[in-house]
Amino acid sequence: MLLAPDTHPIDRPPLKSTLSMPYTLTPGRAAGVFLAEAKNRRLVGARCVSSGLVSVPAQDFCPATGGSEMELVEAPETGTITGFTQTAAGIIATLRIDGADFDCVHRILEASFDELEIGARVEAVWAEETTQSILAVVGFRLAPGAPVGEVRPLQHAAEPLPMVPYHLDLHYEHAFGPFYGRMFDEIGTNRRLIGVRSTAIDGALLPPREVDDISYTKTGTWMTVPDTGTVRAMSVIHLEFKGQKEKPPYIYAEIQLDGAVTRLIHSVKGIDMSRASELVKPGTRVRAVWSDARTGALSDISHFEPVPDGDEAASL
Amino acid sequence: MGAPRSVAVVATAQTELRSAWSNAQHVDLISSTVMRLLRIAGIGLADVDFVIDSGSDVLDGRSISNCGFLGAMGAHHKEESRVEEDGLWAATYGATKIAAGAAEIGLIIAYSKPSESDVSLFYASQVEPFYQRPVGFDHLAASGLQAQQYIRMGGSEADFAKVTARAWEQAAQNPFVDIEAAPSEQEIASGEMVAAPLRRHMMARSVDGCVAVLLAGAEVARGMSSQPVWITGMGSAMDNHAFPVRKPGRLEACEAAARAAYNRAGLDPRSASIAEVSGSSAAGELMVLEALGLSKPGQGFDTYSGPTAINLSGGALPADPIMATGLLRLADAHRQLTQPKVFGLASPETAIVHAAGGVGMQTHCVVTLGV
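Chains as they are written, first to last, in UniProt numbering: chain A, 1 to 316; chain B, 1 to 371.
Honestly, the hints are just simulated from the structure, not real lab data.
Treat the hints with care, since some could be wrong.
[Stated by the list, open to error] The calculated lysine to aspartate or glutamate pairs, modelled on DMTMM-like cross-linking and capped at a C-alpha distance of 20 Å, are:
| id | chain 1 | residue 1 | chain 2 | residue 2 |
| --- | --- | --- | --- | --- |
| 1 | A | Lys16 | B | Asp47 |
| 2 | B | Lys296 | B | Glu157 |
| 3 | B | Lys247 | A | Asp213 |
| 4 | B | Lys162 | B | Glu128 |
| 5 | A | Lys39 | A | Glu69 |
| 6 | B | Lys78 | A | Glu305 |
| 7 | A | Lys218 | B | Asp57 |
| 8 | A | Lys16 | B | Glu187 |
| 9 | B | Lys97 | B | Asp49 |
[Said to hold, decoys possible] Now the in silico label distances, taken between C-beta atoms and shown as ranges:
| id | chain 1 | residue 1 | chain 2 | residue 2 | range |
| --- | --- | --- | --- | --- | --- |
| 10 | A | Val307 | B | His241 | 13 to 21 Å |
| 11 | B | Gly68 | A | His171 | 18 to 26 Å |
| 12 | A | Ile237 | B | Met193 | 24 to 32 Å |
| 13 | B | Gly44 | A | Gly67 | 49 to 57 Å |
| 14 | A | Leu109 | B | Met193 | 32 to 40 Å |
[What the hints assert, rightly or not] With the Cβ distance kept under 10 Å, some of the chain B side facing chain A (calculated, not the full set):
| id | residue |
| --- | --- |
| 15 | Ala24 |
| 16 | Ala72 |
| 17 | Ile179 |
| 18 | Pro183 |
| 19 | Asp208 |
| 20 | Met224 |
| 21 | Ala237 |
| 22 | Met238 |
| 23 | Asn240 |
Quick caveat, the model's predicted, so the values are computed rather than measured.
Even for Gly, the Cβ is constructed at its ideal location relative to N, Cα and C.
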């Protein structure tokens, strides 16, 4: 299984990659008011008008009945531990805020795991700096004998916070595998583009793979292709967007390398960009311009450039 | 409209489950699995009417990752869709298409390479972002809280260690699970506390792997296989997203999914020969067994000495290829029903297959099988 033909074991370190995802989260009315009131050090809950059940922190829907007519309330800062665990993030507990009908989760502070018990009374610990986040309450601490608080109508509620900026960074280490591994090794070591023979059509599949997509038969032996090819499609990119590698305008083209049955996407440069769509079009002959870097990535080819008429004939 | 047609599992194939397939890409694992499945089934890709696959964009590190895997899956210019749940859901989707008469042969694939990403971030991305994620609530915390609730129902930390040790012993005998040395009960019971009262081995170990299953309508299935394994019931259900609002100590969504499957199959779970279940922690596995009706609440531990063969594969604790775990349970149950002697089973007739997903097992899918 997974043996690429004529290949020594590939031992490339994995490809490190990070996906940085920016978000603008919309909290909605209930969470929006909760977050807006956090700076006033008021805990906001919500009572379902039809069921009478109270959620703290505030929710837009009743967790039990799904009722959507909710009136906001001000919740007390005391409650009871209903469950607890300890992870690398600290002590996390389920809590029942006094007057609420549902549990919530939060941190337990200033206590060791062993002194906690279910039923223990707790009180909120407010952050010193005001913040429009659930972390305005840093956590809860043990408060033996704390009187049981009551839920009250919320007077003069703040406008809901309309948006919360957020981002998520996801980190990856992708394996290359025997086929991509060999291809990138050849690019980095020998500046050679290598694919595998298709068993369905006469030509090379790039990137190489175990199975031919179209015929679903096992692919054949390795096949080197030159770094020249023909543009089959192109686009001039004018739009700016997140994650972009180059400043517009630039050309992305589908290039069919000579001898390949697949197309490679790369940029085409070295031309007068004001005449881009005239100078680069389907059928235009191009050749790779290699960068000085030898990292074993497709970016070792800096870009492709058009081959001037007559150049190829002269070199033959 | 006629009655739904019978649907059978006719063949399965899988890779070995390893903590990391560091010398293979997703496509390498997928193409080798699917090629082997077609060889086992003795058919070509032209015979396959549709492909349904399961995987996670967040785990895979690319959007709509199935689009990049189409060629390896054999889905070129075929009807293909992706289920962003465990592969067992994909199997129920495929079985429904065949039962409805819309297709004859369906290829179900699930793949996972959690070794390439950070599993804690995968779960964190599923947590509610305003009230829960900032305080550090995650899948680990949910599992720890769940285990504490289960102890209040009658379970014990000692049971968790025994369940975990048994799972690893079973997995060590499973040729598809790569294990260097199974931890002893003592090592498990004294392991690092990761989500009190759960210790390291009591949480499911993420592994890489791929599994593929071929489903067929009744007539075709009888022609393809001398031992078709019939899908007799299916059910799935989802609990409240907010963990603290779920019923403590019970998995009500699992109970609902099982009820739907048993009603369709006319199956009394206590008569089942085999159960292959996916618990994301030792406590979770016990709670699943109870929710499936294999024991009374709080007595899940007794199930292992009962008449139903539980997780002969080892289950999810030693090998959890997230998104493929439940479909592997289906492949395991299929092997046990068709090769009972290999597993020391007399003449098994029925199996219960279970998959779970989400933070603290929010979602559940149950499939019943019969021969």
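The hints, checked one at a time:
1. A:Lys16 x B:Asp47: Answer violated: Lys16 of chain A to Asp47 of chain B is near 39 Å, above 20 Å.
2. B:Lys296 x B:Glu157: 19 Å, holds
3. B:Lys247 x A:Asp213: Violated: Lys247 of chain B and Asp213 of chain A sit about 48 Å apart, past 20 Å.
4. B:Lys162 x B:Glu128: 33 Å, violated
5. A:Lys39 x A:Glu69: 25 Å, violated
6. B:Lys78 x A:Glu305: Between Lys78 of chain B and Glu305 of chain A the Cα gap is close to 37 Å, so the pair fails against 20 Å, i.e. violated.
7. A:Lys218 x B:Asp57: 27 Å, violated
8. A:Lys16 x B:Glu187: Outside the cut-off at roughly 34 Å; violated.
9. B:Lys97 x B:Asp49: Status holds; Cα separation ~10 Å.
10. A:Val307 x B:His241: 13 to 21 Å: 58 Å, violated
11. B:Gly68 x A:His171: 18 to 26 Å: The hint (18 to 26 Å, Cβ to Cβ) holds, given that Gly68 of chain B and His171 of chain A are roughly 19 Å apart.
12. A:Ile237 x B:Met193: 24 to 32 Å: 52 Å, violated
13. B:Gly44 x A:Gly67: 49 to 57 Å: Cβ of Gly44 of chain B to Cβ of Gly67 of chain A: about 55 Å, so the range 49 to 57 Å holds.
14. A:Leu109 x B:Met193: 32 to 40 Å: 19 Å, violated
15. Ala24: 5 Å, holds
16. Ala72: Since the shortest Cβ distance to chain A is 6 Å, the answer is holds.
17. Ile179: Hint violated; Ile179 of chain B Cβ to chain A Cβ min 19 Å, cut 10 Å.
18. Pro183: With Cβ-Cβ at 20 Å, over 10 Å, it is violated.
19. Asp208: 9 Å, holds
20. Met224: Where the cut-off is 10 Å and the nearest Cβ of chain A is about 18 Å from Met224 of chain B, the hint is violated.
21. Ala237: 16 Å, violated
22. Met238: 14 Å, violated
23. Asn240: 6 Å, holds
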